[in-house]
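Number of protein chains: 2
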Amino acid sequence: MSNTTEESLSDNFSSNSKVYSFDVLQNYATLELEKEAYRIGSKKPSTLYEPIQYALSMGGKHIRPVFLLMACNMFKGNIKQSVPAAIAIEIFHNFTLVHDDMMDHADIRRNKPTVVKKFGENIALLSGDSISILSYEYLFRQKMSDSSGILELFTESALRVCEGQQYDLDYEEKEVSLPQYLEMIRLKTAELIACSLSIGARLANATAEDIKHTYDFGINFGQAFQLQDDLMDVYADQDIFGKKTGKDIISNKKTYLLIKAMELANPEQKEKLTYWIKKKDFDETNKIKAVKQIYNDLNIKEITRETIKKYYQKAIREMESINISSERKKELISFTGKMIKRKK
Amino acid sequence: MSNTTEESLSDNFSSNSKVYSFDVLQNYATLELEKEAYRIGSKKPSTLYEPIQYALSMGGKHIRPVFLLMACNMFKGNIKQSVPAAIAIEIFHNFTLVHDDMMDHADIRRNKPTVVKKFGENIALLSGDSISILSYEYLFRQKMSDSSGILELFTESALRVCEGQQYDLDYEEKEVSLPQYLEMIRLKTAELIACSLSIGARLANATAEDIKHTYDFGINFGQAFQLQDDLMDVYADQDIFGKKTGKDIISNKKTYLLIKAMELANPEQKEKLTYWIKKKDFDETNKIKAVKQIYNDLNIKEITRETIKKYYQKAIREMESINISSERKKELISFTGKMIKRKK
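Those sequence lines, one after another, are chains F and L. Quick note: the first sequence uses this note's numbering, first residue 20, plus one each step. Quick note: the second sequence uses this note's numbering, first residue 20, plus one each step.
Simulated from the structure, these hints should not be mistaken for laboratory data. Predicted model, so just to flag it, every value in this text is computed and none were measured. It is possible that some hints are incorrect.
The list cannot tell twin chains apart, which means a pair is met if one copy fits it or any two copies do.
Stated by the list, open to error - Derived lysine-lysine pairs resembling BS3-like cross-links, with alpha carbons at most 27 Å apart: (1) K329 to K37; (2) K272 to K328; (3) K360 to K308; (4) K311 to K136; (5) K162 to K231; (6) K63 to K231; (7) K62 to K193; (8) K62 to K231; (9) K37 to K136; (10) K272 to K137; (11) K299 to K329; (12) K63 to K193; (13) K311 to K279; (14) K279 to K263.
Pulled out of the complex, with its shape left as it was, chain F reads as follows:
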């Protein structure tokens, strides 16, 4: 057992003076999530609730619930009492994954068969629906002040995630500009991260101004986080990454890298890119190699890293504006700093 696990088991997370690390809160959140997944999995009909338990037990970093708890901790809130909202956020995120995998006809997630692959379309549809409703069940268990605005924020963010997913679908079929792409990832990815952080701050009764800075920190970090995701698909070290690189290139996914490359390409490079995008039958290794060569020639890796840095610096400026001691901010800063340089 690691030190952090021991620490998380011996603590009751009610202290509001202590500053907890991501790892410690991740262990805590994971244990609480596993308990709830098990409880949900025992409900009837099992044909509905076992797939839900499966979806909720697929692993992952649980960054959204941990961010909620970290923001709560940053403002000296009670972490233990904020667990229902943290679970609600993670459950909602899992609902989006189950239905996204249906739309993408994805077979594998986190090295396991997706819900749709394992249980079929109807079960994926209905268990996803139920997971979405369950997220509200947990949200309503959360003690909060009437004026917190948490219920409205959660619902607004949930709708924005759907809007982002819709733009993502729309952009499969048509030209996308960089601003449109950045707005899409703001809705689809950054919004729920910002919502998690904002709920944590609200539960800790932070001031309206600090809640706003925390949310904007989340939006800017969330965009940097998604761009790092785009970057890793092409430039990650496959051994560390743990999965195949180049998947976005093979599927012609309109990532920041591709859109930027199309913008910067000279006529010859544009022709080459278009050739590979339109080609129906191709050798995957060849396509990845050819597209990556164009990216290299156009400095796409460095340009993307610069954009990530720009968003992250904006995030940090928001964090600096929060009116609390820097001692209490350091865990969120240090963890998010690692995330935008992550290799897997």
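Fit chain L to the given chain F structure using the hints.
Okay, now just chain L, sitting in the frame of chain F:
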């Protein structure tokens, strides 16, 4: 313009002494729903919100929101102030229709192409998800007391509807007993009707005991309502019904009629029923005629009517236990009485 429409336009629905009819409240609810559907349809991205507007504008009787308003009116609550919850209920019901049609691969609903038929699977999935979230947006607009329990009830009922749908899917593949079938329709159909009535009573600050009777009235009426639906598929006068009869027979849907017939059939009748259920290629008219003949021989029509009556009488006993004047109950009693004898 009909009298009821004129009445509904000239009234502001804030009186708590007046007793409104179903028709008047139906006009009112329909106007409010149309306004909201239009507002939602103008949101961006239109690829997401236009299908939602389409789904919300497909018509129907709107019995759930009207029941909510009628229950509220019965207990002298403020109808006008209860509109957001009524809209939430109808929006949630539409979410279930959009996703149910996906599961059933249904092309037509209320004489129009279904969302999945018109917009495709991905849009039906994502717009359905968004409709479900939108129902909470309206629910949170509803003014209610902290102790009303409405949020928890809504979510519990929503989950039960999903559970009912799951049982319905499960029963396509296996034997079903009558108690299992009745429990399934309780979850899938009666629960949301009872929830609507209960929310109306809660918004009008009815006593806990009266809220319970109102809910149980809804459960028992809801089951009678679904059984009437089963009955009409076989025994409706096609000219009044407005759609083809015998659809459940063609698709081997396990309705009350079929399960009861299998229970009562002698070996020869059972063999005949099984023959038609298993037959892959058949003339639809012949199959309907043959199965209906067995139902007739077994008195299934009369037996089903008796069961409907039994549930409705239970509902009426619950209504009688409600501690208010019979004058205030008469609209709900008269309308539900018509519903369980409806011909379309």
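Please list, smallest to largest, the hint numbers that this structure does not respect.
Result: hints 1, 4, 9 and 11 break, sorted rising.
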